[in-house]
Structures are given as C-alpha cells and as structure tokens.
Amino acid sequence: MDFSIFLQQLVNGASLGSMYALIAIGYTMVYGVLRLINFAHGDFMMVGAFLTLFGYSAGIPFELSVLLAIVGSAFIGVMTDKIAYKPLRDAPKISLLITAIGISFFLENLFIVLFGATPKAFNAPEYLTKVFHVGEIYLPISVIIIPIVTVLILTFILYILYKTKYGMAIRALAFDIPTVKLMGVDADRIIMIVFIIGSSLAAIGGIFYAVSYPSIDPLMGIIVGLKAFAAAVLGGIGSVTGAVLGGFILGFTEIFVVAMFPELGGYKDAFAFFFLILVLLFRPTGIMGEDLERSRF
Amino acid sequence: MSFLKIDGVTMQFGGVTAIDNLSFEVEKGMIYGLIGPNGAGKTTIFNIITGNLYPTEGKILLESNNITGTKPNKIVYKGVARTFQNIRLFKSMSVLDNILIGFDAQAKYSYLEAIFRLPRYFKQEKFIDKKAKELLEIFGLTEFADSKATDLSYGVQRKVEIARALATNPTLLLLDEPAAGMNSNETSDLADIIFKIKDKFNLTVLLIEHDMKFVNKMCDKLTVLDYGEKIFEGKPADAIVDKKVVSAYLGDFSHA
Amino acid sequence: MGSLVRNSIFIAVAVAFIYFAGDVFGSYKMFLINTIGIYAILALSYNLINGVTGQFSLEPNGFVAIGAYFTAILLLSTESKIDMYALVDPSPIVLSMHTGSLAIALLVGGVAATIIALLLSLPVFRVRGDYLAIVTLGFGFIIRIFAINNPEFTNGAMGLNDISSSINFYWVGGILLITFIVMLNIIYSKYGRAMKSVRDDEDAATAMGINTFKIKTLAFMTSAFFEGIGGGLLAVLITTITPDQFSFLLTFQLLIIVVLGGLGSMSGTLIATILVMVGMEALRFLDEPNILGLGNEAHPGLRMVIFSVILIVVMLFARRGLLGDRELLDFFKKSKK
Chain F
1 MDFSIFLQQL VNGASLGSMY ALIAIGYTMV YGVLRLINFA HGDFMMVGAF
51 LTLFGYSAGI PFELSVLLAI VGSAFIGVMT DKIAYKPLRD APKISLLITA
101 IGISFFLENL FIVLFGATPK AFNAPEYLTK VFHVGEIYLP ISVIIIPIVT
151 VLILTFILYI LYKTKYGMAI RALAFDIPTV KLMGVDADRI IMIVFIIGSS
201 LAAIGGIFYA VSYPSIDPLM GIIVGLKAFA AAVLGGIGSV TGAVLGGFIL
251 GFTEIFVVAM FPELGGYKDA FAFFFLILVL LFRPTGIMGE DLERSRF
Chain S
1001 MSFLKIDGVT MQFGGVTAID NLSFEVEKGM IYGLIGPNGA GKTTIFNIIT
1051 GNLYPTEGKI LLESNNITGT KPNKIVYKGV ARTFQNIRLF KSMSVLDNIL
1101 IGFDAQAKYS YLEAIFRLPR YFKQEKFIDK KAKELLEIFG LTEFADSKAT
1151 DLSYGVQRKV EIARALATNP TLLLLDEPAA GMNSNETSDL ADIIFKIKDK
1201 FNLTVLLIEH DMKFVNKMCD KLTVLDYGEK IFEGKPADAI VDKKVVSAYL
1251 GDFSHA
Chain P
2001 MGSLVRNSIF IAVAVAFIYF AGDVFGSYKM FLINTIGIYA ILALSYNLIN
2051 GVTGQFSLEP NGFVAIGAYF TAILLLSTES KIDMYALVDP SPIVLSMHTG
2101 SLAIALLVGG VAATIIALLL SLPVFRVRGD YLAIVTLGFG FIIRIFAINN
2151 PEFTNGAMGL NDISSSINFY WVGGILLITF IVMLNIIYSK YGRAMKSVRD
2201 DEDAATAMGI NTFKIKTLAF MTSAFFEGIG GGLLAVLITT ITPDQFSFLL
2251 TFQLLIIVVL GGLGSMSGTL IATILVMVGM EALRFLDEPN ILGLGNEAHP
2301 GLRMVIFSVI LIVVMLFARR GLLGDRELLD FFKKSKK
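Protein chains in written order, with the numbering used here: chain F, 1 to 297; chain S, 1001 to 1256; chain P, 2001 to 2337.
Bear in mind the hints are in silico, worked out from the structure with no lab data behind them.
Any given hint could be a false lead.
[Said to hold, decoys possible] Covered stretches of chain P (in silico footprint by chain S; criterion: 3 or more residues with CB under 8 Å from a CB of chain S, positions within the stretch not fixed):
(1) 2018 to 2031
(2) 2173 to 2186
[Unchecked claim] Taking lysine-lysine pairs in the DSS-like style, the calculated list, with each CA pair at most 27 Å apart, reads:
(3) S/Lys1148 <-> F/Lys93
(4) S/Lys1091 <-> F/Lys181
(5) S/Lys1131 <-> S/Lys1196
Every residue, glycine too, gets a C-beta built ideally from N, C-alpha and C.
Looking at chain F on its own, in the form it has when it is part of the complex (with noise of 0.2 Å):
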C-alpha cells in the first residue's frame, strides 16, 4: 500500500472510529449503571440524523438544526428511561431487555411512519461537503472535522468522569450499585445523567453519520449500533475510555482490512460480530474492562 493511500485510510478510519466511539459511550455507560444493554441506543442515533434533516429541510438554519437534534435526541432518551425502564428497576432482567427490544422496534417503526422507509438524501451545508485535494490525498471536510470534533467532546466527557461529582457518582455506579446508593448518591439523577450524555452523543454521532453517507434511512442505526456495541465490549464494556479505544479499533480495522483485502468488502458489516465473539471467547471483560457481572452474594 502506498503512503498517500495509506494516510487517506487512516483519516477515514479514524473518521469512521469517531462515530463508533461517540455511540459506544451510550452503550457503555448505560451497561455501567444499569447492567442493561439498551437496544434503543443505536435508534437514538438515528433519531439524531432524522431530526437534524427534518430541521434543516424545514428552514431552520443547519447549526441550529443540529443543536436542536442533539437536544430532542437526549429528551427522547430520558423520556425512555423514565416509561420504560424506570417502572422495571426490581423486575427481572429479562423483562427490561425485552422492553428495550420493544422500544428499539417502536422508534424504528414510527419514524417508518413518520418518514417513510426509503433512504432519504442529507444536504449537508456546503461548507461541510467540499473536498480537499492533498497530493493525492482526497479529503472531504467533514473527515477531518469529524475526529477533531469527536476528540474535543471526549475531553469534556472524561473531564466530566473523572473531574466533576456526578462522574465520580456515574463511576462509582458501574462497580456496585447496592453501596453507591446507601452512601446517599441519588441514584435517579445518575441515571438521567447518563441517558442524556449517551442519547446526545449518540445523536451526534448520526449527524456525522449522516453528513458523511449522505443518505439516512429509519433502520441505519440498527447494524451502527451493533457495531458500536460490539466496540464497547471490545474496549471492556462499563468502561468509557475502553468504549473510545474500541471504537476506534473497530473503525480502523474496518477500512483497513477492505482496503488490503477488496474481496473482504462485501463483510464489512460482519467484522464487529467477529471482534465481539473473539472478545467473548478470549478475553469477555475486554482491553480495558472490569469484570462487571462477577457473581455477589
């Protein structure tokens, strides 16, 4: 491979790793305080892109659109916490995966609904869209703003975790629920917390997604939240910054292995399924992870 090539695949992975990484964090972060893999996380990804378009195509100025899809996303986000599985905090783990899948179906249906079920074309402003010529380098803008963006939100996320009381609580959350509770943190409050970081981040993760494939479809976060899941358990599920190296793995392993094996492409959807089974089988508390689900008594 030569290096111009090579250079133009790692900015596109780490473009592709910046989204995987932005949803994965939901996931993880949710797992941590709730021990629920919550299925409706990749729609809320989707949510985000379907906001933003609707917005956008709407008159309403692109900036603010997006502003304004993060913010529904993260309402959304709570509001599912708060029906769904809320009310099912002591009830059998079964029955909130069960609602999860339900709620996951329900969004992905309304906005069928809603939107209809074909791709529909996202025009992202032009300045987002024009193309760089480097060398032979081709670079579209939003590749490079992509990254630059995902990392300056993870800054402030990780300052968050690990500066600030709520991050401590969230932290905390992950290891023992039980005794985090008796110590007097309001573990509600927590939980908000985390649904509106996770559905935000999420839903940016979509605009990127969207802006970056540009057309967006009500089903395009179910296979995105797969991959972004099995990231999350790559990386060692529960934890953030396990959660960013995952994704980032993922979106590097992706478009690097079809650029050296083009036969490979038509399975690049299937490469996180296989991260996530060799995850299990070698190491299931992942690169960074802890080993959440050890038994207590």
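Put chains S and P on the given structure of chain F with help from the hints.
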C-alpha cells in the same frame, strides 16, 4: 486428621485485603461457628470454600484433599452444600421442585430419555420424588410441598433452603446466617432441626452467625474474625469474655 | 393414572383436528392455518430458551433462515439448481445435496441450526452478562450477509424459488404436536427444572450442582433444532426464499407471541400465536399505502408501531402475559384442590 482445613488463606480484592492469612480446622461432626462484625470476611470464606472465589494465597483441604478453586457446581459433588445470607430460593417454583433441584445429580436419566419418556425417566423421577418427600417430612414441610416458595414465611423459607442444600447429599453444610431475621420461636425451632439433621445425615456444619446467643447454643467451637484476621479461636463460652472479641463487637455496634 | 387418560384425550383431539382440517377449511384458510402452525412451532421452541430458561435471545430469524436454506437446497433438483443459479454456477456441494424426502430435508435443516447453536453457545454462555441477545441479533444479520455474498451456495440476493414439495397440514400439524409434547416433556423433567432454576437464580442453581453452561446450551440447541425445522417448513410452504425474508421482523413477531402467552408457558404460547397471527392479518389494512396520509411503502410500519407498543405495555403492566409460566392444565389441578 481434621475434616475441613483452611490453610493460610489470603484474599485480596484490588488492593484491599479481605482475608488475611487465615487458618483453622474443623473436626468431623462438629458445628463450627464463624463469627465477627459486618465486613469481617465471613461470607468471603464461604465463597472461597465453594469455589466462587479463588484465594490469592492458601488452600482449602477437605478430608486432606485440596479442593481450592473447584468450580462452584463441582464442589457439590465433593459433598459441600451451602445456604445464602439472603435466602435464595427458586422463586417461580414450588417447594417440592426446589428440593428436587437439589436431587438433580441423583436422578440419572439423559435428556433424550426425558424427551421420549423412556422407562428410566419414570423410575428415576419416582425415586427422587420419594426422597424429596421424605426430606420434606423430616423438616415438617410436607404441607407446603405444592406452595410457591416465595409465598411462605421467612422462617419456613429458611428451612426449605436448608432442606434443598441437604438434598445434594452433603457431608459439609455451610450455613450463612441461618437465624438472621427470625424471631426467638423460629430460632429455637431452627436450632432443633440443625441438631437433628446433623446427627441423622452425619454432617459437619460450618455456620456464620451474628447472634451470640444462637452461636453459644449451637457451636462446639468457633473462630472470630475482624477485618479479615482471626482474633479468637476456641469455645464459645471463652469467646464472650475475650477482650479482643468484645471490643471488636462493641466497635461494630458503635459504628452501626 | 388420570394424567395418562387426559394426555391421550388431548392427543386424540389434536390428531383428529390435523386429520380433518384440510376437508373443513378452504385453501386460503389452510394457508393461514399452516402459517399459524409453523409460527406456533417457532414460538414454542423460542419460549424454551427465552421463557423457560430465561436467557434473552433474538435467534429465531437466523436459525429459521438456516433451516429454510438447507431444506430448500436439499429439495431442489440438480437441473433446477443449474437453471436457477443466475449469478454464478452452483457450488458442487450444493449440486450434490439432494433428497426427495421432505423428512430428511427438514431434519438436516434442524441439525444444521443445532450445530450453529452449539458454536454460538461457546462464546456466549461461558461469560456472565446478556451477550446472548446481542450476539444472536448480530447473527441474524451475518446470515443475511453470508447469503448475499455466497451466491454459489444461496443464489445471492435472488434467493431460491420453486421449492416444490407436497406439503400439507399433516406435516405442519404433526410436527407442531410433536414440538408441543417434546417441550412439555422437557419442562416436566429434571432438565426443565434445571432450566427454570437457572432462570430464577443462577448462583443458587450452581450451588445445587447444576452446570448452568450445559443447561443453557441444551435449551438453546433444542430451540435451534425446532426453529431449523420450522424454517424448512416455511420454505416449503411459501416455495420462495430470499435473504431479506428472514429479517428481525420475524423474531419480533415471535417475541410478542411468547411475551403475550407468558414467558415459560407452552399452552399460553399456542393461544398467543393464534391471537397475534389473526391480529396481524386483521390489521393488515393499516399498512395500505397512504393511510393517514403517511408512510407509503409496503413496509409494515404502522402495524409494527402498534405491536411494539403492545409489547412494551405488556412488559410494563402485565409482565406475566396470559398464563405466566404455567400451563393450562396447572390451573385445573389447582382448582381441584
């Protein structure tokens, strides 16, 4: 030769030492107490014996066999059965079915024999059904056989849990705070049953308990733990007057 | 033995229904009855892993696809395969796979699904956590990706058609009856008790000497076996299969059935299958183009919105479904006492 030997066991979680170089021995046929304030590491010892935790150092010997780290489901076949601190019956199942789970290994028929209802299925099911009902009889639980386990009073649930543990045919029975949450009638009833089954089934019993009166009545010998360290070993009567034990307990109460 | 008499009567009635159904109902109704029968087979087996064993799984569409493809490839003749495979020539393996026997074709489909289930069990059940659901969800997509990318086996996105076999309700009804009896025989045995114990409290089950890995794997493989067979029946009934046909929608419908009937209740599942399938038919008008001036594709959007709301509401307010985890006959037993 001792029946159960805890040999220099240390257990660390991250940087925290939960059990510090603990050793004690239990003779066959004894009721041995393991007491100490909250967080002293009593349940951790149980979890090490049953293989739920692997000790950082040290080993567990059962009749001179090293059983350290035997998987929790395999430890049953070595003759070790346990109850849990917070009763853990199978909630959706009847009392009889709960007991029958304990007999699982003794019902010898294959999956296909169950599916095709071959003769061995009927023979073996009849066999364990009879044994389970005998066990219910011993515990005075016959009338509850078809009740859902969770519909019963706390005291009865405790008994079901002990009966379920006995169904696995153990030689060593681990009881984690069996009298917790019981009133004095229930407690004395429980004591009678533990004495009765110990003799009938030739058991050695290791029990964790808070209630000093109960321990005094039940145990032949005990070890007192505080912050993962042994601070006393000997007869219950001597424990009550031991300075270290008293201060550990008073310390605990003042925290509480 | 009262139960022997009771069981014999049940079986006699079921056999009589299977025998006479074809004479009583017309061909449209028979197609619907066959479809309901196949969905009942799938839902019963799905309930074993999800309801009885309590391991949340989203596998049915994947295993149904495996069963359907194996059965279809086995039943198609060599000549029709050569004609049909348009993108590339069929692989020699595909060409050599042929049987005229529906029973053998179905069994191979079932066994293939069972083997895949075993392979998935290894990574999933050795660890704690709820990875089964996400792995099986992913697996459903992988099967589709595999089918599309391997046209020498599957004829790619074009799928297989003219899968001809003289299927009738004797097959569907007979296999449904067998599935129902097998499930109950499992539930009322030490294996069924062990599955329930894993569902109720995994640590306590382990402390009773139950090998929880083995029990979960056994339940999962059994579900897969019957789902593979159900998939084969589905392929033969509708005679055409494509990779897109076995989407998550199928799994979701089965999930609603199982939840509505009661997680762990086989008779509840039977009742719920009829309710949900007839309900789906009755609500078909909702997906007509331009209803409410919205959605215009032939995708079951509005119907699925309604059914997902039903699923969520049942979970929130009536978690036990119609029968909880009991069977119809348990209620009679109770009232006698």
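Hints versus structure:
no. : hint                    : verdict
1   : 2018 to 2031            : violated (count 0)
2   : 2173 to 2186            : holds (count 3)
3   : S/Lys1148 <-> F/Lys93   : 21 Å, holds
4   : S/Lys1091 <-> F/Lys181  : 25 Å, holds
5   : S/Lys1131 <-> S/Lys1196 : 17 Å, holds
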